[in-house]
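Trainee: Each protein sequence line maps, in turn, to chains R and F. Going by our numbering, the first sequence runs without a break in its numbering and finishes at 114. Going by our numbering, the second sequence runs without a break in its numbering and finishes at 113.
Be aware that a few hints might be false.
[To be verified] The list that follows gives simulated cross-link-like pairs (lysine-lysine, DSS-like), each with its CA atoms no further than 30 Å apart: (1) F:K62 with F:K83; (2) R:K58 with F:K44; (3) F:K15 with R:K42; (4) R:K42 with F:K71; (5) F:K44 with R:K22; (6) R:K57 with R:K68; (7) R:K71 with R:K22; (8) R:K71 with F:K44; (9) R:K57 with R:K22; (10) F:K78 with R:K42; (11) R:K42 with F:K83; (12) F:K44 with R:K37; (13) R:K68 with F:K44; (14) F:K11 with R:K37; (15) R:K37 with F:K78; (16) F:K44 with R:K42; (17) F:K44 with R:K57; (18) F:K15 with F:K78; (19) F:K11 with R:K42; (20) R:K42 with F:K62.
For the record, the hints were derived by calculation from the structure and aren't laboratory data. It should be emphasised that the depicted structure is a prediction, and the values quoted were computed from it without experimental measurement.
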Amino acid sequence: GENVEQHPSTLSVQEGDSAVIKCTYSDSASNYFPWYKQELGKGPQLIIDIRSNVGEKKDQRIAVTLNKTAKHFSLHITETQPEDSAVYFCAAPSFSGGYNKLIFGAGTRLAVHP
Amino acid sequence: EAGVAQSPRYKIIEKRQSVAFWCNPISGHATLYWYQQILGQGPKLLIQFQNNGVVDDSQLPKDRFSAERLKGVDSTLKIQPAKLEDSAVYLCASSYRVNREQYFGPGTRLTVT
Chain R
1 GENVEQHPST LSVQEGDSAV IKCTYSDSAS NYFPWYKQEL GKGPQLIIDI
51 RSNVGEKKDQ RIAVTLNKTA KHFSLHITET QPEDSAVYFC AAPSFSGGYN
101 KLIFGAGTRL AVHP
Chain F
1 EAGVAQSPRY KIIEKRQSVA FWCNPISGHA TLYWYQQILG QGPKLLIQFQ
51 NNGVVDDSQL PKDRFSAERL KGVDSTLKIQ PAKLEDSAVY LCASSYRVNR
101 EQYFGPGTRL TVT
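Same shape as in the complex, but just chain F (with noise of 0.2 Å):
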């Protein structure tokens, strides 16, 4: 079956501009991840889905962090404006079900300038 997609592969962007990340999950997959992954560490969760409802934000920094998956399928991460502290990878997940496990996709590698 196919994996998790996920697009653009890298991007660079300029401090303060705004940039937005895709992924579509594996078919059938309920449940959608975020994670950042800042070089040298463990992803860490930004925002969980279970269909197209949040399950978990805890840890997004909503002041310029929005994530969306409006027909429970695609979802789309975004960041307005952008921190150099934001460059990291930006990784998405997906499980049949939550409390499952998770199907990682190849991730973007964001650099903030």
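Just chain R, with the same shape it has in the complex (with noise of 0.2 Å):
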């Protein structure tokens, strides 16, 4: 099954510094990579995805990169803010009887000090 391992663990930096996460994933068949932010207390919340058929994608200070022969993904965070301060997850599909089911990693916990 899909296996999905996710770096740092913990990450500090300083306001504005940017911030970049890393997945790698087993399953080649895997076609979508979801990114999510999760503050405490709360559900994670989707941010940002990408599917197998582009390379990058952007959204305002967030993009997340594919490189789907070396199986990982990233996550970029540019000019952090202390609002970005979170765990933050990523995921990939694990494929079985037709449906996939999502794999997450980890988290990063993710720490923007003023």
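Reconstruct the complex from the two isolated chains, following the hints.
Mentor: Set out below in structure tokens:
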């Protein structure tokens, strides 16, 4: 089945710096890669996703890149702000019986210091 | 549009007791998911419904967990009897259809003592 590894587990940056979180996956059939942001006491919030027919996608200060050959994808946050502090999860699908289920990474706790 | 609704938000029970969680998905979303999120880990899928039918329940501990979505809208997840290791946040998510973007509710934090 799919295995998703996420690094680093914790990341501390100064406000205004960039942050990069990396994930690797094992299932070469995976074709959809979402990123979720989870704040304390809340459910995960979908912030950006990418499908396998593109290599990069941007939305204001966040971007995701995908390298299908190497089976890894990354989340890039530029000009970080204190409100970016949260736990970030990547996910990749595992296919079974014609349907996919998302397998989540273990999460990265991002702290942005003013 | 309204998001995924869940209740209760918090629940504390003793081991061997039973508990039920309720989820109302985003209007029009045919697919509903229940996840278990243990502290410090990513969400793990327990069961997935397409309308009122089960698509995947391979990771649901069926000796103690059950779930239903009788009319293809709301869903309930039940644990009976609860064990200490069931302490976790139970998340409900929905998507327009299978293999599309999933949107999560706020979760129910369960503590089993």
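Trainee: With reference to the structure, classify each hint as holding or not holding.
Mentor: Hint check:
1. F:K62 with F:K83: holds (13 Å)
2. R:K58 with F:K44: Distance ~27 Å between R:K58 and F:K44 Cα, so the pair holds.
3. F:K15 with R:K42: holds (25 Å)
4. R:K42 with F:K71: Holds. R:K42 to F:K71 sits at ~27 Å (cutoff 30 Å).
5. F:K44 with R:K22: holds (20 Å)
6. R:K57 with R:K68: holds (14 Å)
7. R:K71 with R:K22: Roughly 11 Å separates the two Cα atoms, so the pair holds.
8. R:K71 with F:K44: holds (21 Å)
9. R:K57 with R:K22: It holds: about 15 Å lies between the C-alpha atoms, which stays within 30 Å.
10. F:K78 with R:K42: Given that 30 Å is the threshold and the Cα spacing comes to 21 Å, the pair holds.
11. R:K42 with F:K83: holds (24 Å)
12. F:K44 with R:K37: Within the cut-off at roughly 16 Å; holds.
13. R:K68 with F:K44: Holds, at about 24 Å.
14. F:K11 with R:K37: With a Cα-Cα distance of about 24 Å, the restraint between F:K11 and R:K37 holds, given a limit of 30 Å.
15. R:K37 with F:K78: holds (27 Å)
16. F:K44 with R:K42: holds (16 Å)
17. F:K44 with R:K57: Roughly 26 Å between the alpha carbons, so the hint for F:K44 and R:K57 holds.
18. F:K15 with F:K78: holds (14 Å)
19. F:K11 with R:K42: Status holds; Cα separation ~15 Å.
20. R:K42 with F:K62: holds (27 Å)
When each numbered hint is compared with the structure, no violation occurs for any of them.
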